[in-house]
Amino acid sequence: MSGGYLTDLLVGGLTLGSMYALVAIGFSMIYGIIRLINFAHGDIVMIGAFVTLGLVQALDLPLPLVALATLAAGGGMGLIIERAAFRPMRGAPQVTGFIASLAVSIMLQNLGVLILTAQPRNFVCPDWLSAPARLLGANIRVIDLAIVASALGLASGLMLVIKKTRLGMAMRATAENLDTARLMGIDVNRTIMAAFVMGSALAGVAGFMWGGKFGQIDPLLGYVPGLKSFVAAVIGGVGSVPGAILGGYLLGMSEVLFVGLLPPVYAPYRDAFVFGTLILILLVLPNGLFGTSTEERA
Amino acid sequence: MLRLEDIHVHRGRTHVLKGLTLAVGRGEIVALIGANGAGKTTTLRTVSGLIRPTSGAVVYQPEPGGPQVDLSRLAPEKIVAAGISHCPEGRQVFSSLSVRENLLVGGYLRRDKEGISRDLERSFELFPILRERGHQAAGSLSGGEQMMLAIARALMNRPKLLILDEPSLGLAPLIVARIFALIAELNAAGTTVFLVEQNAVMALGLAHRAYVLELGAIVLSGTGRELAENPEVRRAYLGSAA
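Top to bottom, those sequences are chains R and Y. In terms of the working numbering, the first sequence opens at residue 1 and continues consecutively. In terms of the working numbering, the second sequence opens at residue 1 and continues consecutively.
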């Protein structure tokens, strides 16, 4: 095996991991603050991908503007979903929110099929992004490096916001104890909304990356990465943002190495491998890598 | 300053408060005592807006002679902004936030930077241990230290009315004495205090007036001393055969 091939795999793992990490962050933030597993979160990836495609194709906007618009579209979608589907159910049992999120997910997928048809579309990227990049003799493209760099940038920016700003402090307080946060004068509806907007914005950008990396998008594309990012969030300890990031990279990396290092006959089992990994990790660490136990959180 | 008028609260199928009426006067310390499950915490949570009463009014007058508001229609953050701080049962410090951050969250609605740092300094003077542990996670503090933090946090809002739910819960007698002395000091400095206590001896000793809550309604009221000498109260809450 050549060193170039190994570098290929490592960069591939980092790229996939970057996307999982960005989506997992949203899962974790939303769960952390209102204990909701939002199954519609993966579909925001799809929306982000189509918004990007539309902007690049129809308007031919410059790339940084497209990236900003994707962030805004993802965030806006999160805002709408929270207002329309989850806020009316505040205070209802957890399972109600869970079912509602499944309903939103199915609705978004079907709306996507209705408006855009299920036919996959080619996702065109500017030429310079698709150009090959020379790195230790590996067969990679500029976009791979761009994905990793922007994911790391966005993730650290978000962590900084959570750690250092007044809003971030309010979000942490709300996540820890909603009622007490309200007694401090925190408008928890606003902090919950902020968690949805920030998490969904990152998922939207992940859609842009997904399209750029794989070249084709369709209205159901959010389902599998959504599920896997959820796994990444659980591995990291759902509720913890650093955990979600680490979980995303661990999962992306091990998935790519699994497919790349084992004989090709095993490749179709990559999803089984991903969920097998989850089960193993949870057997050893029931709360994930960075999770706090449910007793502590109660 | 605060008047609860014929408050009814339902939680699910349970009728928790059944026409509760009481008043807290400006500058007073008023205690609410009663057995477990009588509805004490529910009463406090109704004042601070975490629970909406089915009927009745919570009339609050922030300034003497000023306008009155019905708190039962307001969101908790509006009630905090109106000058009411509620220090909840079991302290409820944010254990993953640092001690300093807990205090800052307590002053969340304030925008006056200098005022906030002045009050932060005052909290540290009140409880020097909090300065020492400023950057530690609040969860690492002892129970007594957490209580001090919870009170200091509530004070960061500069409350006109301070609501305390079981400030003695789970604390050593020495610490309880300290906390109660502090409550008396805060009151002397002008803060009105409304507290709920299991420890009826301490509560009646501290309070100007007190109410006895049984099964969701007030059954007795009077000055702290009157109630402390009332044979029924002594038998039921003070653990002495009168």
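The set of hints was computed from the structure by calculation and includes no laboratory data. Misleading hints may appear alongside valid ones.
[Stated by the list, open to error] Computed from the model, here is a short list of chain Y residues facing chain R with C-beta under 10 angstroms: (1) Ser48; (2) Leu50; (3) Thr54; (4) Glu77; (5) Ile79; (6) Cys87; (7) Pro88; (8) Leu104; (9) Gly106; (10) Arg110; (11) Met156; (12) Lys160; (13) Gly170; (14) Pro173; (15) Ala177; (16) Phe180.
[Claimed, not checked] Chain R regions said to be covered by chain Y (calculated; three or more residues, Cβ under 8 angstroms): (17) 159-173; (18) 182-196.
[To be verified] Quick list of simulated restraints, FRET-style, between CB atoms: (19) Y:Gly12 - R:Leu257: 22 to 28 angstroms; (20) Y:Glu89 - R:Arg166: 56 to 62 angstroms; (21) R:Gln216 - Y:Leu109: 36 to 42 angstroms; (22) Y:Pro128 - R:Arg87: 41 to 47 angstroms.
All residues carry an ideal CB built from backbone N, CA and C; glycine is no exception.
So, going through the hints one by one against the coordinates:
1. Ser48: holds, 6 angstroms
2. Leu50: At about 6 angstroms, which falls below the 10 angstroms cut-off, the nearest Cβ of chain R leaves the hint on Y:Leu50 intact, so it holds.
3. Thr54: violated, 16 angstroms
4. Glu77: holds, 5 angstroms
5. Ile79: holds, 8 angstroms
6. Cys87: This interface hint holds because 8 angstroms falls under the 10 angstroms limit.
7. Pro88: holds, 6 angstroms
8. Leu104: It holds, given that the least Cβ distance between Y:Leu104 and chain R is near 7 angstroms, below 10 angstroms.
9. Gly106: Constraint on Y:Gly106 satisfied, holds at 6 angstroms.
10. Arg110: holds, 9 angstroms
11. Met156: Y:Met156 check passes; min Cβ-Cβ to chain R is 9 angstroms, inside 10 angstroms.
12. Lys160: violated, 14 angstroms
13. Gly170: violated, 17 angstroms
14. Pro173: violated, 26 angstroms
15. Ala177: Nearest chain R Cβ about 26 angstroms off; hint violated.
16. Phe180: Status violated, d = 22 angstroms.
17. 159-173: holds (count 5)
18. 182-196: Check passed, 6 qualifying residues.
19. Y:Gly12 - R:Leu257: 22 to 28 angstroms: With a Cβ separation near 52 angstroms, Y:Gly12 and R:Leu257 fall outside 22 to 28 angstroms, so the hint is violated.
20. Y:Glu89 - R:Arg166: 56 to 62 angstroms: violated, 27 angstroms
21. R:Gln216 - Y:Leu109: 36 to 42 angstroms: For R:Gln216 and Y:Leu109 the Cβ distance comes to about 50 angstroms; the hint is violated.
22. Y:Pro128 - R:Arg87: 41 to 47 angstroms: holds, 43 angstroms
Hints 3, 12, 13, 14, 15, 16, 19, 20, 21 from the earlier list are contradicted by this structure; the remaining hints agree with it.
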